[in-house]
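J.: Residues per chain are reported as follows:
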Amino acid sequence: MALTYEDVVAKYEPVLGLEVHVELNTHSKMFCGCSTIFGAEPNTQTCPVCLALPGALPTVNEKAIESTIKIGLALNCSIAPFSRFARKNYFYPDMPKNFQISQYDEPICVNGYVDVEIETDEGPMSFRIEIERVHMEEDTGKSLHVGGATGRIHGAEYSLLDYNRAGIPLVEIVTKIVPGTGKYAPEVAKAYVAELRDILRSLGVSDVKMEQGSLRCDANVSLRLIGIETLGTRSETKNVNSLRSVERAIRGEMIRHAELLNKGERVVQETRHFQEESGLTRSGRSKEQAEDYRYFPEPDLVPVAPDAAWIETLRAGLPERPSVHRKRLQEAWAVPDKEMAAMINADVLNIVEATVNLGADPTKARSWWLGEISRIANDKEVTIANLNITPVDVAEIVALVSAGELTDKLARQVVEGVIAGEGKPSEVIAARGIKVVNDDGALMAAIEKVCTEQPETAEKIRNGHLPAAGALIGAVMKETKGQADAARVRELLLGHLGQSSN
Amino acid sequence: MIHLSAAQMAAKLATGETTSVALTQAHLDRINSVDSGVHAFLYVDTDGALAQAAAVDAKREQGQDLSPLAGIPLALKDVMTQKGIPTTAGSKILEGWRPPYDSTVVSKLKANDIVILGKTNMDEFAMGSSTENSAYGPTHNPWDLTRIPGGSGGGSSAALAAFEAPLAIGTDTGGSIRQPAAVTGTVGVKPTYGGVSRFGLIAFSSSLDQAGPCARTVLDAALLHEAIAGHDPKDSTSINAPVPQVVAAAKSGDVKGMKIGVVKELNGDGYQSGVRTRFEESLELLAAAGAEIVEVSAPNFEYALAAYYLIAPSECSSNLARFDAMRYGLRVGDVDGASAESVMNLTREVGFGREVKRRIILGTYALSSGYYDAYYGSAQKVRTLITQDFNNAFEKCDVMVSPTCPTTAFKIGEKSNDPIAMYLNDIATIPVNMAGIGGMSLPAGLAPEDGLPVGFQIMSPAMQDQRMYLVGAALEAALLSKWGAPLLSKAPELAGK
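Chains as they are written, first to last, in our numbering: chain A, 12 to 513; chain B, 56 to 552.
It should be emphasised that the hints constitute simulated quantities derived from the structure, not laboratory data. Since the model is a prediction, treat every value here as computed from it, not as a measurement. Honestly, I wouldn't trust all of these hints.
The calculated lysine to any residue pairs, modelled on SDA-like cross-linking and capped at a C-alpha distance of 20 Å, are [to be verified]:
#	chain 1	residue 1	chain 2	residue 2
1	B	LYS412	A	ARG443
2	A	LYS99	B	GLY432
3	A	LYS435	A	ALA453
4	A	LYS99	B	TYR426
5	B	LYS289	A	TYR101
6	A	LYS74	B	TYR426
7	B	LYS289	A	ARG423
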């Protein structure tokens, strides 16, 4: 009998450790001038430096240092007055130098924290996630293993290498161990990554697109019996490419660990790969034998010693913290707590804000994104960000509805059309011939027809039984193919039958 | 004409007495005639050199402003990338590779219209003291073809001594410019670390490697030094400060009142008697020229060799990891079904020579977890102590001096099976690299017992490279008036074809 999650958390305490890799959005690579644009033809964004041709030397991208310091400051870290790059030595075909320039024992930012809040049945709860370090490094190239069943290097017929990504600036944000989250561990982890993503986005230092890999999370989980100090053996889950996956992966690993421990078996310290379809993890390479990366200070680069005044300038220029920003929005929009939580949970806050900034009413904007559009995304099993609809589209639709040019029902058809790729809202309206019937003559004709067809219902209304109006309004709407404004229909119908519409 | 100094050749070009094409052709003829015996060159770019020479002559004809060394031929150590020209670093693993880019040194040579004749032989990846580690066979010392020309830059120094080129580029990680200069009777300078860009220098040990000028006179070296030095944004370790005024220093040669510190620890036991004789004689000449000779001590120099053989192999084990057959150079075992790992292994097995493998293994071990502190970590501490020794000594003197090498050129094959004996050649040159300061070797005469050249080493504080040129020029002048002719005029005639 499989363990339930409740069984697991009744007996064990999870301890988390999260490593997040962020691709910076600098125009050029970490150590050379090559472009960083995503999706270019393979091997067109390379040079002697990022291809590691003999004799080539790295030089540090100052913008990347600036971005990293901003991240450190936003995460409440201390900025080291002196930090160094180090070489991490290992062989892999997509790593041109066969060492990665990273930072080891002298990272640029240390000792920070992030506070995250989650909604629980017991009300909102806050957790402090401590940050151990933030350091800079370079990305590797990409291998495409062709042939073979797994898409991995073993068993592949041949491999293709693309070095466009080699040398893209990466920042790694590593937490200290996170105990004390109990049964909320998966949600706290998700909230942490979401908060981190919001902070990075507000700083403007990264595209933070998890699905494109510009933000990647490795989740370390271990379990220990409640009340026991000693840490259990951890597994490290890679390839966690969405917020939802962070939560699923941790939950899944907790259950897997608990099943092993309950059977008296031990957890193997290893890297595991998250499988999006099953929500389970698959064993990767074992880390029982710690790999020896032979770190040593990178002799080709002078140490990074940022000027204290520069750091203060960057600190002064930090944007509003996302949590503060959210509180401000909630007040400005007068959103109840539960609705706010729903927006955060559905990850639509930024898109709603963008829509409101385009002039849409906050309540309307929220209800579109959280309602109809979220529903379509759910049906299609994609994220909202991947739907073909933008805040500009939604703002336009909201404006058309409030101008009376669309009814809510028609607006839903327009949303559908936009998502289906039929164009901007105005184009969808034109192409589908959608328009509100506000010609009272046409409406009156339909009302008279309906009253004649359903004389008993009409009579009830004449006698003051207003709830019966719904059936006739529905019939009129049907008659006008839904293009009528229901409120106007009601007004005319009641007037026709001698009742006030109030 | 080929026996003149570069400065003298430049004067003849300026007056129109000769042309760069004629000068270049004369050197190409000389290479053609003697290099089968010397083997200084791995590649001669006849067409490229003549085209470059013709272009300089045309500029001169048009009356354009030219650099002091415009039109003078030069031999380039094969460790420097030159666009489109085979560059091997003396290794099989780079056989056939033509770089798609110029090193900064080459860009500067081209900008100065210096004519690049070709690429010179070297110990594989600059690891060695004799060029016997070249994958393409050893270079022979023009003073005695059965002897080594030093290393790793033996090709460059032999080219100078054999009059195949008046100028050459070397690189010096532990003495690879200065020791070959010493054993071939030529001049070689390792500038302050960061003085000359390393961009395009195929790395052996990044924190020690430094390119520098090789020539037959101190002034020629200074002219070349100024042509290649200066800040380079492509090299993070390059110094962003004005280049020391080395040409002015070489022209002055005034050492009156300068304090010259003789390093107590770099003399005595282990140094050949003729080497010591010539060294003492040079000190007397410098004293006669007005310098004050003092003794200084550098107690930590005795650990320099051991520390060097941890730091340099450690860095090389990482620097040479890129030679993996994936992107360029040799590829072995790439047959159907072969894995990337097996291709990497086979290529490295075949492509790297014994000394290179020895150092990769040594360095990999020294950096390993659990050994790092004891080996690499301790070696870095020794490095700091050596720098302190230099700093203390430079409080008592302006430059420090020593013999460049303990012995004169040994026979080819004599030490090739004894790495430690080979490493000991560099005992006097290594401290300079460890501290990142400047070092020069110039000829001090012949050892009476074997009639072979002896080198005199001058060391100057970081970014004070002009001091070694002052002292070098003074000693060179004193020796020249004593000898009546340059030392190389005593070298045996090389048989032409």
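J.: Tell me, which hint numbers fail for this structure?
T.: Violated: hints 1, 3, 5, 6 and 7.
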